[in-house]
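Trainee: The primary structure of each chain is shown beneath.
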Amino acid sequence: DVKVTQSSRYLVKRTGEKVFLECVQDMDHENMFWYRQDPGLGLRLIYFSYDVKMKEKGDIPEGYSVSREKKERFSLILESASTNQTSMYLCASRLGGSGNTIYFGEGSWLTVV
Amino acid sequence: AQSVTQLDSQVPVFEEAPVELRCNYSSSVSVYLFWYVQYPNQGLQLLLKYLSGSTLVESINGFEAEFNKSQTSFHLRKPSVHISDTAEYFCAVSSKAAGNKLTFGGGTRVLVKP
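Chains H and C, in that order, are what the protein sequence lines are.
Per my numbering, the very first residue in the first sequence carries number 1; after that it's consecutive.
Per my numbering, the very first residue in the second sequence carries number 1001; after that it's consecutive.
Just so you know, the hints here were simulated from the structure itself, not pulled from any lab data.
Heads up, some of the hints might be wrong.
What the hints assert, rightly or not - Computed footprint of chain C on chain H, listed as stretches where at least three residues anywhere in the stretch have a Cβ under 8 Å from a Cβ of chain C:
no. : region
1   : 21 to 30
2   : 47 to 58
3   : 67 to 73
To be verified - Short, incomplete list of chain H residues facing chain C, as computed with Cβ under 10 Å:
no. : residue
4   : 4
5   : 33
6   : 35
7   : 63
8   : 91
9   : 102
10  : 103
11  : 104
12  : 107
A quick note: this is a predicted structure, and the numbers were derived from the prediction, not measured.
For each residue, glycine too, the CB sits at the ideal point set by N, CA and C.
Sequences are here, hints too, so could you generate the full structure?
Mentor: Below is the structure:
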């Protein structure tokens, strides 16, 4: 089974802090994704990466950056956390193209106070 | 740009009754369609998907969805729900033309009552 592991399930951070959300997958998938989940809005794509050191902006990249130094690891960075970034963050990975299944981690609940 | 609309944000239903979750997508090109389910306090997992071929696709736990190209819809149905089907359901679309991105709808929360 594919395993996507997010390092922290629950985080509380202060406004202005730099926040790192880490994600690791164990199936050698080329593609990795970060989504944000908010009630009524579904999942919105923040960034995705289709190879090591490659990244593309999703639909809501403002206020976020990403890092992919190794194939199995994809990090989401909030340079200066704000209260409107309080949300559930979901990491996912996929082997190959758009018809293949995306596998999700269990999510990281981030509260910015 | 591709987009997905789930017409119902919440659907209450009694156990053993049928349920239908509506999904419409917008895309000018050939698409792949997915339904994902999120049980309480868990991540999303694939329920079923349409890639090509038969327009009716089924899951192992009794759900089915039908791709209707003329109506740009991919509605999800189950003839008889169980308490364990209580979850949030997300419809999603992807295509090569959209850079292989997977775009989700807003989700439909299903609450199965005894």
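Trainee: Decide, hint by hint, whether the structure agrees.
Mentor: Quick rundown of the hints versus the structure:
no., hint, in the structure
1, 21 to 30, "violated (count 0)"
2, 47 to 58, "holds (count 4)"
3, 67 to 73, "violated (count 0)"
4, 4, "holds (8 Å)"
5, 33, "holds (7 Å)"
6, 35, "holds (8 Å)"
7, 63, "violated (19 Å)"
8, 91, "holds (9 Å)"
9, 102, "holds (6 Å)"
10, 103, "holds (8 Å)"
11, 104, "holds (4 Å)"
12, 107, "holds (6 Å)"
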